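**Student:** Listed below, chain by chain, are the residues.
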Amino acid sequence: MRQSSRYAGVAIAAASCAVMLACSSSEKAADTSGPRRIAIITPSHDNPFFKAEADAAADRAKALGYDVLVNSHDDDANKQDQLIDVAIARKVAAIVLDNAGADASVAAITKAKQAGIPTLLIDREINASGVAAAQIVSNNYQGATLAGEEFVKRMGEEGSYVELVGKESDTNAGIRSRGFHDVIDKYNKLTMAGRQSANWDQREAFQKMETLIQANPKLKGVIAGNDTMALGAMAALKAAGLGKVIVVGFDGSPDAIASIKAGEIKATVLQPAALIAKMAVDQAHELIRTGKTGQPEKQSIDCELVTAENADAFGVFGRK
Amino acid sequence: MSAASPVPAGRRFADILLRLRALVALCVLVVVFALLSPEFLTTGNLAILVKHVAVNAILAIGMTFVILGGGIDLSVGSIAGLCGMIAGALLSEGLIVRPAGIVIYFHAWLVVVVALLAGMLLGAANGWLVSRLRVAPFIATLGVLYVARGAAMLMSGGATFPNLAGTAALGNTGFPLVGTAVWLGVPAPIWLMAALAGAGMFVAARTPFGRQVYAVGGNPRAALLAGVRVTRVTFLVYVISGFCASLVGLIIAAELGAAHPATGETFELNAIAAVVLGGTSLMGGRGTIGGTLIGAFVIGVLADGLVLLGVSEFWQMVIKGLVIVLAVILDQFQKRSS
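Sequences listed follow chains A and B, in order. So the first sequence is numbered by the numbering used here: it starts at 4 and just counts up by one. So the second sequence is numbered by the numbering used here: it starts at 560 and just counts up by one.
Each hint should be verified, as a subset may be incorrect.
Think about it this way: if two alpha-carbon atoms lie no more than 16 Å apart in a straight line, the pair counts; the simulated EDC-like pairs of lysine to aspartate or glutamate are [claimed, not checked]:
#1 A:K114 x A:D70
#2 A:K170 x B:E872
#3 A:K264 x A:E312
#4 A:K221 x B:E872
#5 A:K156 x A:E207
#6 A:K192 x A:E160
Everything labelled a hint here was simulated from the structure, so no lab data went into it. Note that this is a predicted model, so its numbers are computed, not measured.
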């Protein structure tokens, strides 16, 4: 007993040291007399896309003289709700949010609005209007039709292909799939040999692709709802000696662009995440100064096709 | 549970029955998929299937030792993710020695050794918390789950190390072979699974340490009175599990040629499911490595077979859940009847 209480003492001492360290770094930020603050809340930064938009928003906000509060809700609506509570409690001037669900986020955004804090949505819309100050998203449908057209062209308008769909509970997975099919289904010599969800995940796409290759050895193309799945599929195809299969992704991630330059993946569609994040901060700034964003609530920004011909022109989720 | 000795005669018969139950389920699944999909029984597909099973089976072998010893290890998925990231960092960025300002690049095989040692070290942390500090296994390994996942994210700020092929000039090429090499027509992950399964069966059934694990899981008090060094045995099972987890992390990173910090989320649940499907008691002291292997195959055959048939992701989840619950219900019936 004595031994265990000694250990407990050590553990508590260590934990409080860690807490003190953590506090000392955030102490400055808690000072309310300094410059105004913008909260930036996105899904997990383990996806370079969300890291890029959070970084772009933070850079722009700092350039405009704001302090920033950057957090990730990990696609958990409950965690997002708590982060918005924190933002309200710390009286931020505005929230830039890539939300955790089209329906599940409405209440939290309404709560911020009632507290007098405007929320500017980026990347994903919500199923309500008049709640957020702005909803700036990339045009997923337009991007998907771009990807579909390029895919059809590379396939020579015929052959069998497989579609890898994103997480099926995510609105964008459905919109992109619809965009692909609205183009591809016009060509009746293009036949879909399989359609599987790989949940946006590279390893899952790798494994599912390996199995799909077994069922469809004469496969000519793969169209994927995002780049990580396209990269996973590409790795499986290369391992099976099918590196010539046409793979097209979506997002325009730096890893996919590197793969395009290496001649592996054939094309992707770049979502201008950095631009959108910057626009949201600029409009927040305008709103804070003048009371208006000067833009309609819903704004849709077109995606751009990236292929080997123009890959050099693109950086991290934006043109260089 | 009541019997402390490792394998009494009656229990052995029950074990055979338990193993047969999972085996019957496996045979039924194979027959069903073979009938429904002409590609299922091709050698190519079976090789891929076994390779997919290997990842979960290796985790589950380590998990079996922990569960046999009366514990649970929730941290295996995170340890796999972190060890993959350690390999990724060493290969793409090298070891940066800050004060001296030197960057050291390791040979690919040394990277493998370092990552495996890191996995064993994390396992040792679990073992130390559970055996010395007497933290409940569920909580101790849950803590390590979060710490390891966070550390994996911190290593790259959440980014992926996209290219693990190494650079010839730095002399660190060859890492992807861990996942992609083929010896005698069989991919490396399958060899690794076979080697671990063989070693695991031997250790569990034929060595004093194995018998001590069963004894500790069955009744730690009795084991202690019988002279078993309970603390040491408990410590070691977590080290074994950490080793298996890091091996899985390396295999995945090598196969993809990329290390992603979120790799391995929820893997612990698949591993536990394989162990339980294989007839190992979650209370400890009863079960076999062979059963766990069959459990891993049931899960793997189900997953790949449903993909071949083009069944939607949502139904795949429902069916997997039903099979696990059904298997455990059968387990209960058999325990009552024997």
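**Student:** Confirm or reject each hint.
**Tutor:** Okay, the hints, checked on the actual structure:
1. A:K114 x A:D70: 22 Å, violated
2. A:K170 x B:E872: Distance of about 9 Å is within 16 Å: holds.
3. A:K264 x A:E312: Within the cut-off at roughly 9 Å; holds.
4. A:K221 x B:E872: Distance ~24 Å between K221 of chain A and E872 of chain B Cα, so the pair is violated.
5. A:K156 x A:E207: Violated, at roughly 28 Å.
6. A:K192 x A:E160: Satisfied, since the Cα-Cα distance of roughly 7 Å is no more than 16 Å.
Of the hints listed earlier, those the structure fails to meet are numbers 1, 4, 5, in rising order.
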